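K.L.:
The lines below spell out each chain.
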Amino acid sequence: MQMDFHYYATYCAAVIAGYTHDESLQIAYSDQFTDCCSRTLLHKIKGPLNAATTQLQLELMDARTDPTGLHDITRIWASFHFLPGDLGAIKEKYCGKRYLNKYRLICNTNGELLKDTVELARGRGTQAAGIAMHVLSDTWAHRYFAGTPTLAINNVNYYFYELVPEGDNYKEVQIKFNHDPGSVDDPEKGIYTNSLYQGNENSIMNLGHGRAGHFPDYSYARYKYLPAWGGYREILKDNPSDYYHAFCQMTFALRCLRTDEEFETDVYDFDAVKPWENEIKNLLGKRRIDASADWKALGEKLSGCEIEDFDIDKYQNEYADADEETRDDTFLGRYIIAALAQKSMVTNRIFTSGNPIAGVSIDFEKSGFRGIKDFQKLAKENGRRHLHD
Amino acid sequence: MTRFGRILNVIAAIITIAFAVLLFYLDAIHGIKLILIVIQTTMSLRGLQAIAYYLSMGRHMVGGQNVLYRGMIFLDLGILAGTIFEHPAIYTLFYISLLHVFTGAVSVLRANESRKIGAPWKLKMAYGIANILLAAAVVISGITADRLRVVVWIYSIGIIYSSILRIITAFRKTGIVYIQ
Chain A
964 MQMDFHYYAT YCAAVIAGYT HDESLQIAYS DQFTDCCSRT LLHKIKGPLN
1014 AATTQLQLEL MDARTDPTGL HDITRIWASF HFLPGDLGAI KEKYCGKRYL
1064 NKYRLICNTN GELLKDTVEL ARGRGTQAAG IAMHVLSDTW AHRYFAGTPT
1114 LAINNVNYYF YELVPEGDNY KEVQIKFNHD PGSVDDPEKG IYTNSLYQGN
1164 ENSIMNLGHG RAGHFPDYSY ARYKYLPAWG GYREILKDNP SDYYHAFCQM
1214 TFALRCLRTD EEFETDVYDF DAVKPWENEI KNLLGKRRID ASADWKALGE
1264 KLSGCEIEDF DIDKYQNEYA DADEETRDDT FLGRYIIAAL AQKSMVTNRI
1314 FTSGNPIAGV SIDFEKSGFR GIKDFQKLAK ENGRRHLHD
Chain B
874 MTRFGRILNV IAAIITIAFA VLLFYLDAIH GIKLILIVIQ TTMSLRGLQA
924 IAYYLSMGRH MVGGQNVLYR GMIFLDLGIL AGTIFEHPAI YTLFYISLLH
974 VFTGAVSVLR ANESRKIGAP WKLKMAYGIA NILLAAAVVI SGITADRLRV
1024 VVWIYSIGII YSSILRIITA FRKTGIVYIQ
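Residue numbers (the numbering used here), protein chains in the order written: chain A, 964 to 1352; chain B, 874 to 1053.
No lab work stands behind these hints: they were computed from the structure.
Remember, predicted model here, so these are calculated numbers, not experimental data.
Built from N, CA and C at the ideal position, the CB exists for glycine as well.
Misleading hints may appear alongside valid ones.
Claimed, not checked - Each computed SDA-like pair below joins lysine to any residue, with the alpha-carbon atoms no more than 25 Å apart:
id	chain 1	residue 1	chain 2	residue 2
1	B	K995	B	I1032
2	B	K995	A	D1029
3	B	K989	A	Q1018
Stated by the list, open to error - FRET-style restraints, in silico, Cβ to Cβ:
id	chain 1	residue 1	chain 2	residue 2	range
4	A	A1256	B	D949	53 to 61 Å
5	A	R1251	B	I1013	52 to 60 Å
6	A	D1272	B	K989	19 to 27 Å
7	A	R1251	B	L918	35 to 43 Å
8	B	P993	A	G1086	34 to 42 Å
9	B	T915	A	G1086	51 to 59 Å
10	A	F1332	B	A999	44 to 52 Å
11	A	E1271	B	L1006	48 to 56 Å
12	A	A1256	B	Y1034	34 to 42 Å
13	A	E1227	B	R988	26 to 34 Å
14	A	H1177	B	I1013	16 to 24 Å
15	A	R1251	B	R988	29 to 37 Å
Stated by the list, open to error - For the chain A half of the interface with chain B, some residues (derived, Cβ under 8 Å), not all of them:
id	residue
16	M1024
17	A1115
18	C1219
19	I1325
20	I1335
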């Protein structure tokens, strides 16, 4: 997904769920910031580098793909962008453990981890809610791809067709992929940029939907292809429908976080969204690269307030200038703690499922504090929460 | 990384360093031959590794046969490398200098990109320049000055450097604490 959904659509969902304009903006900001919070940015503001929620292209090119490097990549991408749908998934035909470990990281909607993600955000402020909404909506856009470098799961080949609406039917247009990172995707000609084919299983080119480029991120995309893991069975992906489900699920999740209602998977707040259903479906289906303007107009109609443009620098000075004691109470301070909590939770679930790809998780209650120092912030926050309780 | 993984990494790194030190004490011709054996073994192992990958993972994958073909080609190249065993110097020089130039150029380009976006870049730049200088040293000492021992030493330095990195990685804290 892109900024149009992560920022403006999230704002709309938050307003429908009953949040105020300012709270909705903060949730939307935190959602979009999850695509910006790289190690480079954290280095600039002197934040803990292990709170990174994304990796820039350049960082990815530099990333090591030895076991330690793979742990780091998987923690970031599986925790925030490709939440695994079923950590105990079984393949019909026999396959080895090594293959199964990768197969089980395939992102999908409505998994147990989604419930854990939303419930983890409860009581942790708008920043945690924004991160949870990012994770939730990406399960719809990124389903069928895994948040770890893997050729055997994430590869796609020439059999990749967009279903373009034509009258009452659809015409099939074969997608042409090029590898020029400087070129702009062209929906009219069906030309999109993707990552290079690399035969190495763990090559960074095989991370997530890199082999299908940005195409799965566009809300209008309806397509069919042969996923590498699918045993030559075609998969049909209908983004306009999936994105509408994502929006209604986000509205429900935010309502749960605002009230005491428990979040359940596969529940959508269709009723609350009903008055704007046609408008939303219409803007999701339009074939264009960026739908921000329409989402922004809808958001302003919903709240009656102006939505400011996303500004990546908005809270950076507040964090960078704060002293050590007050830093965790700034907007980005709270965002960073929420990000560390999400990464810690997802890594723990993957590790305890017997899957070593995201590395080791150490239970604080059993073993005390060990491991990466940056996570001491989590232990401190946990202490503060206990005191508060 | 598990404790067992860390121990394995450290043992592998120590063996590699011992091999590099051995290279320092060999005469040039024997050193070059030993390097060629390493290249030959690496390529053959890479081929075998790709074939094993096909059997364990690639066969479940759409288009996985490509991996099998690649494995067979690498295995072939590894065996081919053994046939040039009698005239190894020029091929080894060519291989080592290309390796350093390529690594250096990529590192310098990435350092430039990092500098533009405000990311740390100095270490990458230094690494890139050092690699290009090493490549130049290989060419000058091997071809111009005909001092093949320097080529062997440079190869050894490269091995020692990556082994040290491996040891550092093995001791790095990598666990994530989980707080319920």
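K.L.:
Now tell me, hint by hint, if it's right for this structure.
P.N.:
Verification of the hints:
At roughly 22 Å between alpha-carbon atoms, B:K995 and B:I1032 fall within 25 Å of each other, so this suggested pair holds. For the given pair, B:K995 sits about 23 Å from A:D1029 by alpha-carbon distance, which is consistent with the 25 Å threshold. As the CA atoms of B:K989 and A:Q1018 are separated by approximately 16 Å, the hinted pair is consistent with the 25 Å bound. For A:A1256 paired with B:D949, a C-beta distance near 57 Å keeps the hint of 53 to 61 Å intact.
Taken as a hint, the range 52 to 60 Å holds for the pair A:R1251 and B:I1013, whose Cβ atoms sit roughly 57 Å apart. One distance hint, 19 to 27 Å for the beta-carbon pair A:D1272 and B:K989, holds here, with the actual separation near 23 Å. Between A:R1251 and B:L918 the C-beta distance comes to about 50 Å, which lies outside the given range of 35 to 43 Å. Restraint check, B:P993 to A:G1086: a C-beta distance of roughly 36 Å satisfies the suggested window 34 to 42 Å.
Checked against the hint of 51 to 59 Å, the C-beta distance between B:T915 and A:G1086 comes to roughly 54 Å, which is consistent with it. For A:F1332 and B:A999, the hinted distance range of 44 to 52 Å is not satisfied, since their beta carbons lie about 35 Å from each other. Look at A:E1271 against B:L1006: about 50 Å separates their beta carbons, and that is inside 48 to 56 Å. Between A:A1256 and B:Y1034 the beta carbon distance is about 52 Å. The supplied range of 34 to 42 Å is therefore violated.
The beta-carbon spacing between A:E1227 and B:R988, approximately 49 Å, falls outside the hinted interval of 26 to 34 Å. Range check, A:H1177 to B:I1013: about 46 Å between beta-carbon atoms, so the 16 to 24 Å window is missed. Look at A:R1251 against B:R988: about 35 Å separates their beta carbons, and that is inside 29 to 37 Å. Taking 8 Å as the C-beta cut-off, the interface hint given for A:M1024 holds, the closest approach to chain B being about 6 Å.
Nearest Cβ of chain B to the Cβ of A:A1115: about 4 Å, under the 8 Å cut. The hint holds. Nearest Cβ of chain B to the Cβ of A:C1219: about 20 Å, over the 8 Å cut. The hint is violated. Satisfaction of the interface hint for A:I1325 is found here, the shortest Cβ-Cβ separation to chain B being roughly 5 Å, below the 8 Å cut-off. Nearest Cβ of chain B to the Cβ of A:I1335: about 5 Å, under the 8 Å cut. The hint holds.
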